[in-house]
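Top line first, the protein sequences correspond to chains A and B.
Counted the way the working numbering counts, the first sequence spans residues 836 to 1044.
Counted the way the working numbering counts, the second sequence spans residues 86 to 250.
Calculated from the structure, these hints are not laboratory results.
Misleading hints may appear alongside valid ones.
To be verified - Here are a few chain B residues that face chain A, going by a calculated C-beta distance under 8 Å:
#1 Thr99
#2 Phe106
#3 Ala108
#4 Leu111
#5 Val114
#6 Val120
#7 Leu214
#8 Phe215
#9 Met218
None of these values were measured; they are calculated from a predicted model.
Note that the Cβ used here is the ideal one computed from N, Cα and C, for glycine as well.
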Amino acid sequence: MPHFRSIRTRRGRKKLVGGPLELQLTSMMDILVIILVFMLKSQAATTSAFMGADGAELPYSRTQDVPPDSHHVVVTREYMAFQDQKVLYFVPQPGQPAPGEPPAEAKPPARSDEPVEPLKLEFHKEDLDEGGRRILPLYDALVQARDKSELLRSKSSARDEAGEPLPFDGILAIQSDKRIPYDVLRKVMYTAAVAGYRTYRLLAIRYEE
Amino acid sequence: MGINLVPMLDTLVTLIAFMLFSATFLSVVSMDSPVPVNSAASFRNRADQRPLQLTVSVGSDETTLWSPFDRIRRVAVPHLQEGGPDVLAVHAELVKVKQQFPKERQLVIVPNANTPYDTVVALMDAARLFDPMDPPIYVKDETGVDQAEPQLFPEVVFGNLLGDS
């Protein structure tokens, strides 16, 4: 009875004749280098000092201005944070989950063209003064940050034309959940103004058309 | 004898994994708004000059475009049936005002207390940026050449930081 060897077996044997199999890594190196260069380039072009904060769903905007680094305040439905440090919690509303807990019922995300219902947020009484306009813990944090910034600028060798330290830029970026009512944002802006900040920088997610 | 590419390959794979992990796929953008500053002297000067001071006030049922010095006709844009300002209609009215006052750059926005941040940003977009379908608006520069205005009213100021007015 004749013995028939399969083609696959014969091919496998032929390869082993020349020694151990060697992978051609040069083409793979080329691909990886191209991917790396592409990623480095795109990362350099889109680097932003601001990341999405937990619990803050930002609105969309058609503007193209990428925010440079600055002091920033985050306002979510649960808390307010300055420079990633939580400065206050809002009063928990009935039916609202406790801080840190996920919502009881996951609602589908609203479409960008649908009107957004504002949240009902309430401050603790001890957190407000000046007739409810100024947010005390935020004011303290802002003043502390401004003083620190001014101290650093006074120690820095960078000077203006008159030889004076560069003035405090006074820019506050506001990163807020899209459902936060203007009444809360107005308190944040008022507090920033009395703490010596001169420009508000409202943050949003770029709307890709 | 060829170069041993395996360690280099390992490095590249590690780098790419690290960059993918640290990459941010959301691009954050910003809109600047200066703190409104006013004084009795500047108010007197402004009253004499009667500037446009275009103001967009968000009410409970409508959004109103007006000028404190009556430089434009007061326009009320009803809210959408679903609720919230009709941003497209407001934008169309702002373009008409810009055609009347092409050199004007400032706008005062007065949201009400319940206006969500999403609507504030949408109104700022409508006030600051042109739509592709908007008619171009030209302004003569120092040399007398017509230049297309790149933005509608780029300087948006909040007018009611002290409370509803």
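Q.
Under 8 Å is the threshold here; is the Cβ of B/Thr99 close enough to any Cβ of chain A for the hint to stand?
A. violated (11 Å)
Q. Hey, does the B/Val114 contact hint survive, CB to chain A under 8 Å?
A. holds (5 Å)
Q.
Quick check on B/Phe215 please, does its C-beta sit within 8 Å of some C-beta on chain A?
A. violated (10 Å)
Q | Proposed interface contact between B/Leu111 and chain A, which counts if any beta carbon pair is under 8 Å | A | It holds, given that the least Cβ distance between B/Leu111 and chain A is near 6 Å, below 8 Å.
(Q) Checking hints one by one. Is B/Met218 an interface residue toward chain A, by the C-beta closer than 8 Å rule? (A) violated (13 Å)
Q) Does B/Leu214 meet its interface restraint, that is, does its C-beta lie within less than 8 Å of any C-beta in chain A? A) holds (6 Å)
(Q) Interface hint check: B/Ala108, Cβ to nearest Cβ on chain A, cutoff 8 Å. Holds or violated? (A) For B/Ala108, the interface hint holds, since the closest Cβ of chain A sits about 6 Å away, which is under 8 Å.
Q) Given B/Val120 as an interface hint, is the shortest Cβ-Cβ distance to chain A below 8 Å? A) With a closest approach of 5 Å, the B/Val120 hint holds.
Q. Should the interface hint for B/Phe106 be scored as holding, given a Cβ-Cβ cut-off of 8 Å against chain A?
A. Since chain A brings no Cβ nearer than about 11 Å to B/Phe106, farther than 8 Å, the hint is violated.
Comparing the model with each earlier hint shows violations of hints 1, 2, 8 and 9; every other hint is respected.
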